[in-house]
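K.L.:
These are the residues of each chain, in order.
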Amino acid sequence: MVDVAEYRLTTPLREEDVRKLNVEDVVYVSGIIYTARDMAHKRLVELAEKGQRPPVDMDGSVIYHAGPVVRKLDGEWEVVSAGPTTSSRMNKVTPLLLKHYPVRMIVGKGGMSREVAEALKERGAVYCHYTGGAAVLAAKCVKRVVKVEWLDLGVPEALWVLEVEDFGPLLVTMDSQGNSLYERLELEVKSRLESLLGR
Amino acid sequence: MLKTSVVEEVALQLIKRASIALPKDVKEALRRAYEEESSKLGKTQLKTILDNVVVAEQMDRPVCQDTGIVSFFIKGRSLDYKAFEEALRRATVRATREVPLRPNAVHPLTRENSGDNTGAHIPGITYIYEDTDYIDLVVVLKGAGSENMSALYMISPGEGVSGVKRAVLETVVRAGGQPCPPIVVNVGVGGTVDLTLKLAKIALTRPLGARHPEEEVARLERELLALINSTGIGPMGVGGKMTALDVKIEYAHCHTASLPVGVNIQCWADRRATARIYPDGSWEILG
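In the order they appear, the protein sequences are chains A and B.
1 is the number of the first residue of the first sequence in the numbering used here; add one for each residue after it.
1 is the number of the first residue of the second sequence in the numbering used here; add one for each residue after it.
Okay, chain A solo, but in the shape it has when bound (with noise of 0.2 Å):
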């Protein structure tokens, strides 16, 4: 059992913080986090095939899944309510994100796949959990929205470019030696329903 240790990172994040961290350490981010769904992730790794550059800084970023609801007050737009979307839909693109660029951290609900955990590995970046629904906790830890790129595609599936403090507490559950959480509580799970079923 490895310890459990809990740490505060600010952004852009380091490749050797990121690689220390472990499955079931508690993380606190502050500092830059960019939202990014199904089709701003589309976008980002269509860009960087064509060669062109994404509007934010990829390097040491942090990747969240989610679509906030927001508003505008006095011009400004602010974020009302913000919880993490299911990363599962981003399973498949996410391995060319981390290809391409060094996002350093992406936080989601419901864990991600095996290729992604490869692709966590290869990059030298985690995947942390952050209670799914817990939406208004998570908006107030956002103090402004820096700007929003691609609004064409939709509030929710825009990249929202937010300043955060203390962003969390972030499960790790997705850590760069390549450990998943998930894959080892599906083990436990599946071999439980064997017997719960009677077969």
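Be a bit skeptical, because a hint or two may be false.
To be verified - Here are the simulated DSSO-like cross-link-like pairs (lysine-lysine), alpha carbons at most 27 Å apart as the crow flies:
(1) Lys190/A to Lys165/B
(2) Lys140/A to Lys40/B
(3) Lys241/B to Lys40/B
(4) Lys75/B to Lys198/B
(5) Lys140/A to Lys27/B
To be verified - Listed next, the stretches of chain A that the computed footprint assigns to chain B, with coverage defined by at least 3 CB atoms under 8 Å from CB atoms of chain B:
(6) 5 to 19
(7) 168 to 179
I should point out that these hints are in silico values taken from the structure, not numbers from a laboratory.
Model, not experiment: these values are computed from the prediction.
The beta-carbon is built from N, C-alpha and C at its ideal position, and this holds for glycine as well.
We have chain A already, so just place chain B on it with the hints.
P.N.:
Then chain B, alone, in the frame of chain A:
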């Protein structure tokens, strides 16, 4: 005839309430889950969930950013379908701006967002005939994370009740942490393919802990809940006991050669609000 302006106002208030404050039965079930959970990681998830529920109400903000697709259930008689539909669409548009809700409704092929949570057949409206003078209007907000984990099984009748259990358990296990457990599992058994899923949706409108009136069905609900909470998936899928808050079943007779099972999963944020509208236009929120 009931004024459409009343229906619109009631529907707007229900959407606001449902998006921000969870029903009492759901809050109680979450608190019980927190007390009963023994896994450390799982308990931490439930603590965060409970904190978020409190803060959402304090700050008057949607409890979850996925304010979902809006569905209405109308129970009563002599309903003016057309007028209802127009009032409920207007209420949805207004709620999107006023709460605010996240605009979630997109064209299924072009993915173009309508921007106001309405579109073809959306918000969903289900009319249920009930021989009452008053009308009960229920709104359910349901996110995609849980809806995407739903399933329809057409099992062999020979498999019987154990086949029903298999269908439900396999769906829950396959979903794992993705639909934001502790989940509410709504099951339709029997009927035809459309009806079985509709029944699962109608089960959504029943409060947690309210068992099916027929003992045989109620027993299956309790049994399934115990089985699901023995899988070890736990809150948010990080391991633990509390995988589901409740299981609710509705059934219909089906063809002798078929046994459809529709499993509709709802996340812990089981957002629903109900109002009763009287013939004179007065109304009250029931919860």
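K.L.:
So, for every hint listed, does it hold in this structure?
P.N.:
Here is what the structure says about each hint:
1. Lys190/A to Lys165/B: Holds, because 15 Å separates the two Cα atoms, which is no more than 27 Å.
2. Lys140/A to Lys40/B: holds, 25 Å
3. Lys241/B to Lys40/B: holds, 11 Å
4. Lys75/B to Lys198/B: holds, 15 Å
5. Lys140/A to Lys27/B: Roughly 21 Å between the alpha carbons, so the hint for Lys140/A and Lys27/B holds.
6. 5 to 19: violated (count 0)
7. 168 to 179: holds (count 3)
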